[in-house]
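Colleague: Model the full assembly from the supplied sequences, consistent with the hints where possible.
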Amino acid sequence: KQEVTQIPAALSVPEGENLVLNCSFTDSAIYNLQWFRQDPGKGLTSLLLIQSSQREQTSGRLNASLDKSSGRSTLYIAASQPGDSATYLCAVRGGADGLTFGKGTHLIIQP
Amino acid sequence: NAGVMQNPRHLVRRRGQEARLRCSPMKGHSHVYWYRQLPEEGLKFMVYLQKENIIDESGMPKERFSAEFPKEGPSILRIQQVVRGDSAAYFCASSPQGDYEQYFGPGTRLTVT
Numbered sequence: 132k133q134e135v136t137q138i139p140a141a142l143s144v145p146e147g148e149n150l151v152l153n154c155s156f157t158d159s160a161i162y163n164l165q166w167f168r169q170d171p172g173k174g175l176t177s178l179l180l181i182q183s184s185q186r187e188q189t190s191g192r193l194n195a196s197l198d199k200s201s202g203r204s205t206l207y208i209a210a211s212q213p214g215d216s217a218t219y220l221c222a223v224r225g226g227a228d229g230l231t232f233g234k235g236t237h238l239i240i241q242p
Numbered sequence: 476n477a478g479v480m481q482n483p484r485h486l487v488r489r490r491g492q493e494a495r496l497r498c499s500p501m502k503g504h505s506h507v508y509w510y511r512q513l514p515e516e517g518l519k520f521m522v523y524l525q526k527e528n529i530i531d532e533s534g535m536p537k538e539r540f541s542a543e544f545p546k547e548g549p550s551i552l553r554i555q556q557v558v559r560g561d562s563a564a565y566f567c568a569s570s571p572q573g574d575y576e577q578y579f580g581p582g583t584r585l586t587v588t
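Going down the list, the sequences are from chains A and B. All residue numbers for the first sequence refer to this note's numbering, where the first residue is 132 and numbers rise by one. All residue numbers for the second sequence refer to this note's numbering, where the first residue is 476 and numbers rise by one.
Just so you know, the hints here were simulated from the structure itself, not pulled from any lab data. It is possible that some hints are incorrect.
[As the list claims (entries may be wrong)] So, partial list: chain B residues that the calculated Cβ filter (under 10 Å) puts toward chain A:
hint: 1; residue: 481
hint: 2; residue: 509
hint: 3; residue: 510
hint: 4; residue: 517
hint: 5; residue: 518
hint: 6; residue: 519
hint: 7; residue: 521
hint: 8; residue: 523
hint: 9; residue: 568
hint: 10; residue: 575
hint: 11; residue: 576
hint: 12; residue: 578
hint: 13; residue: 580
hint: 14; residue: 582
hint: 15; residue: 584
[Claimed, not checked] No more than 27 Å apart at the CA atoms, straight line, and that leaves these computed lysine-lysine pairs for DSS-like:
hint: 16; chain 1: A; residue 1: 132; chain 2: B; residue 2: 537
hint: 17; chain 1: A; residue 1: 234; chain 2: B; residue 2: 537
hint: 18; chain 1: B; residue 1: 519; chain 2: A; residue 2: 199
hint: 19; chain 1: B; residue 1: 537; chain 2: B; residue 2: 519
hint: 20; chain 1: B; residue 1: 537; chain 2: B; residue 2: 526
hint: 21; chain 1: B; residue 1: 502; chain 2: A; residue 2: 173
hint: 22; chain 1: A; residue 1: 132; chain 2: B; residue 2: 519
Beta carbons are placed, not taken as given, at the ideal position from N, Cα and C, and that holds for glycine.
Modeller: If you want it as structure tokens, here you go:
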């Protein structure tokens, strides 16, 4: 059974810092990995999708990497802003079922 | 192109009543997924459907829960005889094909009193 772990569970940094969020998964047989952000009381916004054959994806100040063999992904956020404050979720797709989610990293960017 | 739509956004039911949650996928998407987020817990997969077919329901509770995605109209998640433990946020996602990016709706927050 796939398990996804996200470290740290919470993170608070001053505005402008670069930061890294970590995600690990136990079964390397995945189709893809998605990073989402969730704002309080809201739905999920997809940030980046990495297919199993890819090593990384970039969108603006966000960069996600995938090392399938070691079961790890990182989300790098450059030049953080207060608007980046949210919960960041990592999820993997392993088969004909849905995504398996981590519990998220709660990120606070201090102005 | 409108995103994934869910209604109602908030639903209050008394114990023993039925709850019906609706999800309209993005235009052109024929794959729908339902997830549940319990308070202080992560999102858990419930069921994966294509038009008129249930592809995987391995995450669905065995009793009281059912889902459908008819040829016409939205996908429906139905919870019969609700109990307090069913209180949660229920999210729907859609994708154009099975292993493509999933796009999530705003969720339905169910409260059972």
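Colleague: Which hint numbers doesn't this structure obey?
Modeller: No numbers; nothing is violated.
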